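Visitor: Assemble chain B onto chain A, guided by the hints.
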Amino acid sequence: MCSSAGTATSIASLCTVLLLLAGRPAHVHAGEPQVPLVFENDMFSAQLHPRSPRQVAGFYEARGFPKRALEALRGSCFLTVRMHNRSPTVVWLELHSWRFLAGTRELQRLSRSDWDSRWRRLVLPQANRSTFRWTLLPESRDLQADEPVGGNVTLPATDIPFAVEARFATGAQKQGPMRTMRIENVRCAKDDSP
Amino acid sequence: MRQLVYAALLAGGLAFAGQTGLPGGVIPVDGHAAPPLRLADLDGEAFDLTELRGRWVFVHFWASWCGPCRKEMPAIQRMSDSLRDSALAIVLVNTAETEDAVFSFLGIVAPALTTLMDSDGLVTEQWQPRGLPASFLVDPRGRVSYLALGGRPWDQDSYLDFLRALPGE
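So the protein lines, in turn, are chains A and B.
Each residue of the first sequence is one higher than the one before, counting from 2 in the working numbering.
Each residue of the second sequence is one higher than the one before, counting from 68 in the working numbering.
The following block holds chain B by itself, in its conformation from the complex:
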């Protein structure tokens, strides 16, 4: 039943997307409170999503063994470069890999990006992604407002324009 409700929300989201010109594969969701996201990054620096209240946050779950993740990561780096002056925060979360694996991958594919380390994968599971990669947009009040289906070309104009146009608080 819960799945049917979710499907209905997604179907509604797709209809909404068609009406508003959301970029492909980006779907509005129900605005539930974002699950906890408190992790350390590759340098051991602690991060807590709640400290970014007041800003939109792009939360992206990935793993280096996942083909679509590898394909998408350079686009995320270019998106990050393009949005450097925007208020959007970009947060990457690696799912259940070692620091060595992550460091060697990001160092080659997206050296300007860093990532949080969900070393045991439990935080990722709390977010219930539909698969890897998975991207969510959390609004300034800490609510999950959009999700992206699979990997997306985030550096394309339609995606950048959408991200730049996210409303303020």
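Pulled out of the complex, with its shape left as it was, chain A reads as follows:
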């Protein structure tokens, strides 16, 4: 198993090489606390970077979000995801097929509609809602060859470590082989995290 650390690019690269040599989807395990978490297989790469409440609030505060919205944001767990389709065919990002597993318990992701409801209750200005939507990872995306995508996935804040498990159809008509991704030991970042 490979570990990856935010400051250990060479380790991540080594893992990449080893995983490619292994010729199968990789399961990357992270130790204490290691960010960003890196995954790579023969078709795409992914990075998952937990953001602390202070980082999240700071970002949106700088975009003019009001205090009532910042409080809601601080109480949630933000994972910034970056993916890059390195294959010559389509890779389907579909968040409904992502699972967040804390042992036998499944954590429920906060969807766009969850946030829309929250913003309606808080009467968040339309411009802030628009910015927020653009910072979320798309719910669904037919990633073209060499196409990157990035954005946040959000969960209710939790102290429990969890695994992120996802399935990806491939091919323009989803006719290609299914790919899976599993990243272990993901933790919501706290303000005292590095």
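Honestly, the hints are just simulated from the structure, not real lab data.
Quick caveat: nothing in here was measured; it's all calculated off a predicted structure.
Ideal placement from N, C-alpha and C gives every residue a C-beta, glycine not left out.
Please note that a few of the clues may not be correct.
If you only want the chain B side, here are some residues facing chain A, beta carbon under 7 angstroms, derived [what the hints assert, rightly or not]:
no.	residue
1	Ala163
2	Asp187
3	Gly188
4	Leu216
5	Gly217
Which stretches of chain B does chain A cover? Using the computed rule of at least three CB atoms under 8 angstroms from a CB of chain A, they are [to be verified]:
no.	stretch
6	89-98
7	153-160
Guide: Same frame as chain A, now just chain B:
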């Protein structure tokens, strides 16, 4: 289903791109009518995309908080400089930021460019970009003919040659 059709169009576009030597990440699309684009710029001047019928238009959506947008903007300025004598119109649309944020960003990164202000972000959503940044090429009849996947090095020769060679009306 709609997404599958779109994917098929994109896949076809990629195949076409391979055949015709389109620059990387630029894909032909179905030529649907461009959504409305009526906004004011930083100086409050009104703009309507329909007034540019008869010309190719490069429509670019961006935000200063978006890393790839920040990286791409200087290339767009250099592209604009290189194509100053061409018929291509370049239209930037900022998505849901304040004038202060936009002014301070563009003033440093691309002072020769100006932008339309989609202050509430609703016009951007009508165009349904795949993300930010997003660039579309609208043909002289007002049809969306190409899109670019993510940020692109628009100042490189392959992109400039492609833009210069866009056919007339």
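Visitor: Compare the structure with each hint and give your call.
Guide: Outcome of the hint check:
1. With 7 angstroms as the threshold, the beta carbon of Ala163(B) comes within range of chain A, its nearest partner Cβ sitting at about 4 angstroms, so the hint holds.
2. Evaluation of the Asp187(B) hint against chain A yields a held restraint, the C-beta minimum of about 4 angstroms falling below 7 angstroms.
3. Restraint check, Gly188(B) versus chain A: the minimum CB separation of about 3 angstroms is within 7 angstroms; hint holds.
4. Interface restraint check for Leu216(B): the shortest CB-CB distance to chain A comes to about 5 angstroms, inside 7 angstroms, so the restraint holds.
5. A least Cβ separation of about 6 angstroms between Gly217(B) and chain A falls short of the 7 angstroms threshold, and the interface hint therefore holds.
6. Closer than 8 angstroms: that is the beta-carbon criterion, and the stretch 89-98 of chain B has 3 residues meeting it against chain A, so the requirement of 3 holds.
7. Evaluation of the coverage hint for the stretch 153-160 of chain B: breached, as 0 residues show C-beta separations to chain A shorter than 8 angstroms, against a requirement of three.
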